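Asker: If you want the building blocks of each chain, they are given just below.
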Amino acid sequence: MLDQLCYKDKNTFLQNVNTVAVLTYLAALLLLPLIFTHPLYLLGVFLICVLAVVVSDAVKEWVPFLMVGVWVAVFVMILNPLLVQNGSTVLFYGPVLPVIGRLRITMEAVCYGAVMGIRLMAVITVFALYSAVVHPDRATGLFSRFAWKSSLVVSLATRMIPAAARDLTNAREVQQMRGVDFSAGNFRERLQKYSWLLEVLLLSRAWQSCRRQ
Amino acid sequence: MAGRNYALFDLSIDFGLGVEPLSLLEIKDLTYYYSGSTKPALDNINLKIREGEFLLVVGGSGSGKSSLARLLAGLIPEFYGGKVQGSVFLQGRELKGEERRALNSQVGIVFQDPEKQLVMTSVEAEVAFGLENLGLPRQEMFRRVAEVMTFLNLAHLKKEFTAKLSGGEKQKVALAAVIAMHPRILVLDEPTSQLDPVAAGEFLDLVEYLNKELGYTVILIEQRLERCFHLADRLVVMDQGKITRSGLPGEVACWQVEHSLPFIPPVARFFASLSSPVIPVTVRDGRRELKKYLPSFQANTQQRPSLSPVKGKEQPAVLDAKSLWYTYPGAQEVIKGLSLRVDEGEFAVILGANAAGKSTLLKLLAGIIKPDRGSVHLQGQNTYKLSLSELGRHVGYLSQNPNDYLFQDTVEDELRFTLNNFKIPDNGICETILQRLNLDGMRRANPRDLSSGERQRVALASVLVAGPRLLLLDEPTRGIDYRLKAQLGGFLQEMTASGGTVVMVTHDVEFAAEYASRVVMVFDGMVACDGPRDVLGESIFYAPQMARLFRGTAQDVLTVDEGLKKLSGGYLDACQTR
Chain A
5 MLDQLCYKDK
15 NTFLQNVNTV
25 AVLTYLAALL
35 LLPLIFTHPL
45 YLLGVFLICV
55 LAVVVSDAVK
65 EWVPFLMVGV
75 WVAVFVMILN
85 PLLVQNGSTV
95 LFYGPVLPVI
105 GRLRITMEAV
115 CYGAVMGIRL
125 MAVITVFALY
135 SAVVHPDRAT
145 GLFSRFAWKS
155 SLVVSLATRM
165 IPAAARDLTN
175 AREVQQMRGV
185 DFSAGNFRER
195 LQKYSWLLEV
205 LLLSRAWQSC
215 RRQ
Chain B
492 MAGRNYALFD
502 LSIDFGLGVE
512 PLSLLEIKDL
522 TYYYSGSTKP
532 ALDNINLKIR
542 EGEFLLVVGG
552 SGSGKSSLAR
562 LLAGLIPEFY
572 GGKVQGSVFL
582 QGRELKGEER
592 RALNSQVGIV
602 FQDPEKQLVM
612 TSVEAEVAFG
622 LENLGLPRQE
632 MFRRVAEVMT
642 FLNLAHLKKE
652 FTAKLSGGEK
662 QKVALAAVIA
672 MHPRILVLDE
682 PTSQLDPVAA
692 GEFLDLVEYL
702 NKELGYTVIL
712 IEQRLERCFH
722 LADRLVVMDQ
732 GKITRSGLPG
742 EVACWQVEHS
752 LPFIPPVARF
762 FASLSSPVIP
772 VTVRDGRREL
782 KKYLPSFQAN
792 TQQRPSLSPV
802 KGKEQPAVLD
812 AKSLWYTYPG
822 AQEVIKGLSL
832 RVDEGEFAVI
842 LGANAAGKST
852 LLKLLAGIIK
862 PDRGSVHLQG
872 QNTYKLSLSE
882 LGRHVGYLSQ
892 NPNDYLFQDT
902 VEDELRFTLN
912 NFKIPDNGIC
922 ETILQRLNLD
932 GMRRANPRDL
942 SSGERQRVAL
952 ASVLVAGPRL
962 LLLDEPTRGI
972 DYRLKAQLGG
982 FLQEMTASGG
992 TVVMVTHDVE
1002 FAAEYASRVV
1012 MVFDGMVACD
1022 GPRDVLGESI
1032 FYAPQMARLF
1042 RGTAQDVLTV
1052 DEGLKKLSGG
1062 YLDACQTR
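Residue numbers (my numbering), protein chains in the order written: chain A, 5 to 217; chain B, 492 to 1069.
With the rest of the complex left out, here is chain B (with noise of 0.2 Å):
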């Protein structure tokens, strides 16, 4: 690979001329039991691992996807404990028990949460910290905070607190602290599932270059993969602790689709189904592809007319914000005039970058906080006059950790906890909202030994009990996988269809374009783009992927089957008549 400057590591690598190259990295045979668990979290896996390889994890959760991070990072079984079994090489030398300890000193690690792996207060004595656990002259260490600090642009925070930055500034301190301990392999564990969209394409432009230029190697796990897919050499994708299938994305991408897994991108996914010979996997050959499809292909420049807000109806609305105005004590204004009107059977998503104001104003609308300036009215009363309790039951609010709503020792008693509060008797309410969330058959666990998508349904159901009419979520498919976020996706739809109605506050563009029927698009605290999903189709940034592929060929497309079924009937039928 050209460019890639060596001088970065630690120890030279060996190339036997002719001979292919040493794997870096082996695992063998190897297979792994949590203390205390019989069901084993690697089961047998068999792994090599080039030098400057660019690998791709896929897989649902608890697939085994985070476990195999660990033990590449030689976190497993030195601070995790359990039973391990099998063999672990390093450039071809086996590391048996205690040696495996060395592959800390040549792997970095990152993990899925920014405000979970930060030490120190300070950004630059974070950056230090692990150099100052290697024992480095201070020169060296001095040379290094600031050589990493420029490269990755954190040289202005660095006196900053690290409570204070946002979620991809303490992604990239993480990434930092990591780097400038000069490791050979990087793992990146879900790094971006906490960070808006442009924040994640930052960082993950920044993982491309550490690989491809300065010649790291990277495996990275990911549920978001339109932003990763086509950096991937290779793909290796996970299920119930096996690697099921590993090799090129392409190939990986075509087998999936036969066996309806869901860990590829729109793009992929759409290809594959048209049972393509070549699959891209980026928008950019993509959209070269698609043209093969389209023999008639004339580009459609007709611009739609601009879709102005929608405008209120007739009856009265379910939740009217008129002109909000907030601010957070000693602080700049969050939200600035802001008015949103939401019917019923609505289900809007608001879309913006990280600290727009958006959980804000998810407050607000829920009655949490009061607005300085401005009014919000829940089904034509003022939130101001509402009492909690009366709010609660209007309203049913979800925040990003489903961990804040679980206390009681069953599911049950979560739901009951609810209808007490509310002096509501149960008439077969609990029943109907457990069968409905799919959860009847755990109502005696403990809601924290469930799964994270069954501790979101709890949390959901806990809320729901109450009989709002008008849901709330923040952000609820942060970290969760293709599966879970279609079960919660159907499930409200489902709830709007049956009159209720949704407000969703996420970063996930493409299950907004999926399962949305408003998009609402905030910006430094005003509504910047307000109208009916399709205006994700003329967005830039915020455009799902196959929105990206169909831009100037067809405006209307913003998911795989929109697009398979343009292409089957409806737009080449079109073509041809032109």
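Chain A on its own, in the form it takes in the complex (with noise of 0.2 Å):
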């Protein structure tokens, strides 16, 4: 996914809409659900972000940050009663636990975690609307009128996504004809085969930007 970046020029309303503009209404819909904690009013905003999504025909860039956000909302949801003993309603009681003591979960916590899962998913999708509408030139471009080294710095970087990425799986797969089987292992030696792979990266990374000859 990160070999291509999000955007792409599709003639749409809010991509040809001036970048100042567009940002300060992202910046909005961003504000809004952070402010918000009525439940209500957070899926009103979560709904005007997704009809913005699809105003902007960018539901197929939309779909895998919602499956991300689908998931770590569903998350949040189940763990925030787990955790979080406040509240007076008391729906159950479940087994003592270790560490956190005898369960409790209560009203105000399940209200809690579904009102921060809405908010979540309205957050990525303001996020992934982003990426779809503004141009990383035309932000960066608006940046570096007051930052112009820092935007350099931005654009080069963001530039570098899609390269990292390739290297990356140039990387995997040259380590897999060696015999380093990712997918075996427990989750402690897989995860000292990926830091081979991240030492390959950076390795290379630093070898080339003070290569002289």
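Take the hints with a grain of salt, since some may be wrong.
[Said to hold, decoys possible] The calculated SDA-like cross-link candidates involving lysine to any residue, where the alpha carbons are at most 20 Å apart (straight line), are:
hint, chain 1, residue 1, chain 2, residue 2
1, B, Lys655, A, Ala161
2, B, Lys914, A, Asp185
3, B, Lys650, A, Asp13
4, B, Lys607, A, Asp13
5, B, Lys655, A, Arg170
By construction, these hints were calculated from the structure, which means they are not laboratory data.
This structure is a prediction, so every number in the text was calculated from the model and none was measured.
Hey, can you piece these two chains together into the complex? The hints should help.
Answerer: Right, dumping it as structure tokens:
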């Protein structure tokens, strides 16, 4: 997924609007779910975000973000009532668990988990929308007016993402052919294998940047 | 030079009447050390570059070519640091210390790797980037970007992301970004080494036009000389940071043959070896000259029977791919019903344009990716059923970039890493491989400290140590000089002679002609041509220079040695008896 940038020129309304205007709109969409705590308001903001995604013809680009978002949201919704013992309306008492103590599922914690989940989805959708409607060069071009060097670095880094993703795939394939099985072993062993990949990538980058001849 | 468009330049040029024109750029007694280095990267360089000249700089890896390019572009010592002594003159005026920065505005440089010189994410922004830094008015920027993009035929890619472009397109964008800044001198540091022959030819055509018609002074550093030798007005040979010879291409070609240096294209080498008074540097001139050596010249119009694809033999193939289809997710089909059988002891080369599916094919053959349809059998076993560790013992795969392999502290550890992964005991295999690849002297060295050729050999060793019978290589000759190519070619031939099998993807037809036993041309995911190496002679665009020289005269000449042999004995006798 990473070897292609998300932005595709589709000549949609939000893509053609002035960059400052779009960024302001997106900033507002980002701020609202952070301010609201009422689930209905949050749902409303989320729906607006979804609508903007649909209007921008970016559903396809949004889906991978959504998948990640849904899983994280579900995770938060389940974890929150389990870990947070506050709240006065107890739904039921669970068994005694080590560290946490007696499990006490309260309605407040369940609601709070749900609200956090929706908030998270809305925020993730705003970011998906950003990458689908704001051309990376236009964004950095805007910031370069007052932060020239920083935006140059950001621009260079953005451009490096597809290249780094390709390098990672290559390094992985190469190590596989040298007998490294990334799917085998326990979590610790697999972590070790991936750390080799990271090492190859970092060494290559460092080596390229100080190569002279 | 007729047709030179001076309006493109920001500065006018003074030619004194009746006086030899002033050198545009002159380097005098210049020596340069990279910081922390005791060996000079440039050693007592004296070089005069005239306005409108096309200078070709050749030399082996580490000969100081790239350092010279960086010096000319004003990057040394400004960007790279280090110690420098000597003088640089621009139009007769000495540039001292900080003033050398002025070269930046006069010289544009294009580097070897298109991937690493683009800054912005989209093509148009990339071309405008330099102009923005110059602080040009918007209207002027727009005019220059439009002009350059139209001239280089990039207008249709204006909105495209640079990450999506092909190598040739990226290199054109890099050139466009440089030309938009209106430099007077173009320094090109191996700009075609990553491109296929067609894209490389197109790029060099543009450079020729810029030089001949628009009057740019060009300094080209190249390894693949067959396409650019004839463009040069002057040839500079470098070795160990020194300019060892500079002069007319033909003259320097003779000198190189006398000193057995490899930096000349096959046609020039051929005629220089014949001690010809004239050294032609293009195939056209060479063909004219060749007639003098063939007094009873008769065009051999007899067509050879066309070569049918190599048919399967009795013993099981080392590699047998049957009607492979492959599509990358969300993209078009890359491999379309391709079949390929490779037998033991073959040295097969896969040729084809960029994006023809060559690298994908190699990965399919290696079992790294699995075909959507069709099957690949390695020594009779389907790759679908082989685990990764089994695959690695059957197939050695060498990717384009040897750095992908190297992350251990010593060369020996790299070999041991592979052995440990496959749980192979080291019964002296490390020792044998290190010796075979001439690496035993550097077993304790950090692989990252080695030269590019050595790093490639370490990567190769780390794969061969598992004892694969089949070796798959993806463009191993990219960006390495003639000497290293000869070493690699020799090693691969040795390997096939001892019963190993080699399949290699390359753009380098001269290398293929020199070392391969079989040639497979891939076009649009299908095999367009498959046969013994002689098929190269029949190809129009992929024919090596010597084949083009001898076309119609002798069909089976692909290398200089074959040409010389043909001329010294067999062919002349045959002509006389006929």
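Asker: Are the hints correct? Go through all of them and say.
Answerer: Okay, the hints, checked on the actual structure:
At most 20 Å may separate the alpha-carbon atoms for a hinted pair to count; lysine 655 (chain B) and alanine 161 (chain A) meet this at roughly 16 Å. The suggested pairing of lysine 914 (chain B) with aspartate 185 (chain A) holds, with an alpha-carbon distance near 13 Å, which does not exceed 20 Å. With a C-alpha separation of about 8 Å, the suggested pairing of lysine 650 (chain B) with aspartate 13 (chain A) holds against the 20 Å cut-off. For the hint pairing lysine 607 (chain B) with aspartate 13 (chain A), the CA-to-CA distance comes to about 24 Å; that exceeds 20 Å, so the pair is violated.
A distance of roughly 12 Å separates the Cα atoms of lysine 655 (chain B) and arginine 170 (chain A); the hinted pair therefore holds under the 20 Å criterion.
Hint 4 from the list above is the single one not met by this structure.
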